[in-house]
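Undergrad: Now for the letters of each chain:
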Amino acid sequence: MVDLSVSLAGVTLKNPIIPASGTFGYGREFAEIYDLNILGSFSWKGTTRDPRPGNPQPRIAETPGGMLNAVGLQNPGMEAVLREEVPNIAKIFRGPVIANVCGFSLEEYAENCARLNDAEQVRILEVNISCPNVHAGGKNFGSDPQSAAAVTRAVRAATKKPVFMKLSPNVTDIAEIAKACEAEGADGLCLINTLLGMRIDLRTKRPLIANRTGGLSGPAVFPVAVRMVWDVYEAVGEKIPVIGCGGVSSAEDAAEMMLAGASAVEVGAASLRDPWACKKIIEDLPAVCERLGVSQISELTGGAHHGA
Amino acid sequence: MKQCTFIWRSRRQLTPDTWELVLMALNSQDAAAVTAPGQFVNLALPGKFLRRPISVCDWGKYHLTLLVKEAGEGTKELVRLPPETELDVLAGLGNGFDFAPETVGPAPVLVGGGIGVAPLYGLAKRMLENGQSPRAVLGFRSRADSFYLEEFAALGIPVLPASEDGSLGVKGFVTDALNTLPDCSYVLACGPTAMLKAVHALPQLTGGQFSFEARMACGFGACVGCTIETKNGLRRVCKDGPVFRKEEILW
Ligand SMILES: Cc1cc2nc3c(=O)[nH]c(=O)nc-3n(C[C@H](O)[C@H](O)[C@H](O)COP(=O)(O)OP(=O)(O)OC[C@H]3O[C@@H](n4cnc5c(N)ncnc54)[C@H](O)[C@@H]3O)c2cc1C
Ligand SMILES: Cc1cc2nc3c(=O)[nH]c(=O)nc-3n(C[C@H](O)[C@H](O)[C@H](O)COP(=O)(O)O)c2cc1C
Ligand code: FES
Chain A
1 MVDLSVSLAG
11 VTLKNPIIPA
21 SGTFGYGREF
31 AEIYDLNILG
41 SFSWKGTTRD
51 PRPGNPQPRI
61 AETPGGMLNA
71 VGLQNPGMEA
81 VLREEVPNIA
91 KIFRGPVIAN
101 VCGFSLEEYA
111 ENCARLNDAE
121 QVRILEVNIS
131 CPNVHAGGKN
141 FGSDPQSAAA
151 VTRAVRAATK
161 KPVFMKLSPN
171 VTDIAEIAKA
181 CEAEGADGLC
191 LINTLLGMRI
201 DLRTKRPLIA
211 NRTGGLSGPA
221 VFPVAVRMVW
231 DVYEAVGEKI
241 PVIGCGGVSS
251 AEDAAEMMLA
261 GASAVEVGAA
271 SLRDPWACKK
281 IIEDLPAVCE
291 RLGVSQISEL
301 TGGAHHGA
Chain B
1 MKQCTFIWRS
11 RRQLTPDTWE
21 LVLMALNSQD
31 AAAVTAPGQF
41 VNLALPGKFL
51 RRPISVCDWG
61 KYHLTLLVKE
71 AGEGTKELVR
81 LPPETELDVL
91 AGLGNGFDFA
101 PETVGPAPVL
111 VGGGIGVAPL
121 YGLAKRMLEN
131 GQSPRAVLGF
141 RSRADSFYLE
151 EFAALGIPVL
161 PASEDGSLGV
171 KGFVTDALNT
181 LPDCSYVLAC
191 GPTAMLKAVH
201 ALPQLTGGQF
211 SFEARMACGF
221 GACVGCTIET
231 KNGLRRVCKD
241 GPVFRKEEIL
251 W
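So the protein lines, in turn, are chains A and B.
Going by this note's numbering, the first sequence opens with residue 1, and the numbers climb by one from there.
Going by this note's numbering, the second sequence opens with residue 1, and the numbers climb by one from there.
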């Protein structure tokens, strides 16, 4: 018997597989597809203070090995999530939930995190810093170490729950951002968010996505994510856990992500193509662990760094 | 929604770029996930990351009939897959048309434009089985682009075709054909957005249902990639639609 359980900043997950934010809503649709209790956890849709309608259509484009999305953080807002989604999640899932939180100012990040204090099932806050700072000309909080640190400080002061900063890959040196977040008290990190991309329609000679740019995800980004998890693990892996995310679509991919340094693994776009992707990955993990010669999956974490 | 494996049993070319595919369920699976005309399936294609949404034209216990127009790479490949290719299909997606007599009234008109004709065939059949007698207005660019007119005629319902170049039926758009019908107050429509919008604006309509398209990532409501704004707020074309009622639509 392989022990699939992992620990993230003191929160135990029965296995390392977590549907990624934005590809799983608040669990309602997938609860009709399979029993969510097979999951280690799930990360809900990025939630802002106010309801957001998101970007105009079209928001989705296909790419080689993946997709672009420009959903634009469409979500019902924190109040509606607390009122309607949190009680519903308690009915469809018994495990720990990861709340993905966004904001457009430091105050909003802090407020959104504080409002989740009483939501007991929310055991980890995943702070998405790929959001534009309205007070800094729309520059993304995740784009430099100082502003990433500022968000970490703000949310750290607002909550007692473990805080995982979700890093943007659209930076020169992700390890510097990771260090800045760790120094301000982040309990963990999650990476990567989507890579900025664009497609142009040859028929109209215009960008395919109304917002022009969109976030790239899916198998195409997997090697980028593995490399960034590796870099971040080298930088802060001794101090805080890393959730690896980006392009994972099989149990082998999940194991590879863990060898690079991930303690747990998020699966995003793969569930959009195959709604049962997470279930299949979880079912396949024991055999993959046996093949890799580990009886506890957590032994894989960072394994590729330790020589052999 | 159900995931099923289908192989295609027959392929028939209808026009230079439109094909009819009949898919059979494999391994003691069936097509029972399809519950209403106007629903769609989402087909995985080898080498393509996103599935392709295609309306169910008609269905039986074990088969699906799809009409596919070659648009880009995926649909071009789909209609050329070798026979016996196993297709991974998510079936039973979307709400479909509500054709209850109390909803559609005594004289509903099915309005199709181009490939949007596809789901109306299954709809017409189900309405006939239900003792209703719809009429159909089907618009194409030209006679050479038209398809399924004989199949509709074989159902025994009145069919009024229209073509932009006048080579078939009424010259002009489906709206021109609709304007020649005496009693046309309720429509069930599927076609390009410009057509839906023009039909929606007809003054004689008291109600109707309109089937929308959107770029989709999941097709089952999880990613909100396909959201449109309606009078009732944000709605997902894949899960809350693709069929929307006249009263709720915003253009
Ligand atoms: C609910 C619904 C029902 C449909 N029913 C039918 C049908 O019965 N018969 C038929 O031939 N076509 C139908 N379509 C359109 C069909 O989905 C597209 O033509 C097809 O996805 C194009 O794929 P492609 O690879 O050939 O083109 P590409 O342009 O290469 O496709 C690239 C990406 O864009 C998406 N895309 C491109 N055009 C459309 C479009 N018009 N609508 C949605 N996504 C698009 C593709 O799915 C793919 O993800 C339907 C679309 C929707 C949303
Ligand atoms: C449609 C869609 C919506 C997303 N929305 C969010 C979001 O709200 N918050 C967030 O932190 N990440 C969001 N992401 C990013 C994913 O959580 C994930 O980081 C990224 O897609 C890479 O993983 P993948 O390749 O497995 O999809 C979204 C991704 C997709 C495809
Ligand atoms: S395509 Fe994902 S919600 Fe409609």
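Some hints here could point you the wrong way.
[To be verified] On the chain B side, residues computed to face chain A include the following (Cβ under 7 Å): (1) A71; (2) G72; (3) R215; (4) F220; (5) C223; (6) V224; (7) L234.
Simulated from the structure, these hints should not be mistaken for lab results.
Using N, Cα and C, we set each Cβ at its ideal position, and we do this for glycine too.
Undergrad: Under 7 Å is the threshold here; is the Cβ of C223(B) close enough to any Cβ of chain A for the hint to stand?
TA: holds (6 Å)
Undergrad: If you take the shortest Cβ to Cβ gap from V224(B) to chain A, is it below 7 Å?
TA: Constraint on V224(B) satisfied, holds at 5 Å.
Undergrad: Restraint: F220(B) near chain A, CB-CB cut 7 Å. Satisfied or not?
TA: holds (6 Å)
Undergrad: Does R215(B) pass the interface hint, meaning its C-beta sits closer than 7 Å to a C-beta of chain A?
TA: Check passed: Cβ of R215(B) comes within 4 Å of chain A, closer than 7 Å.
Undergrad: Interface hint check: L234(B), Cβ to nearest Cβ on chain A, cutoff 7 Å. Holds or violated?
TA: holds (6 Å)
Undergrad: Does the nearest C-beta of chain A fall within a distance shorter than 7 Å of the C-beta of A71(B)?
TA: violated (10 Å)
Undergrad: Verify the interface restraint on G72(B): the C-beta must sit less than 7 Å from at least one C-beta of chain A.
TA: violated (9 Å)
Hints 1 and 2 from the list above are not met by this structure, while the remaining hints are.
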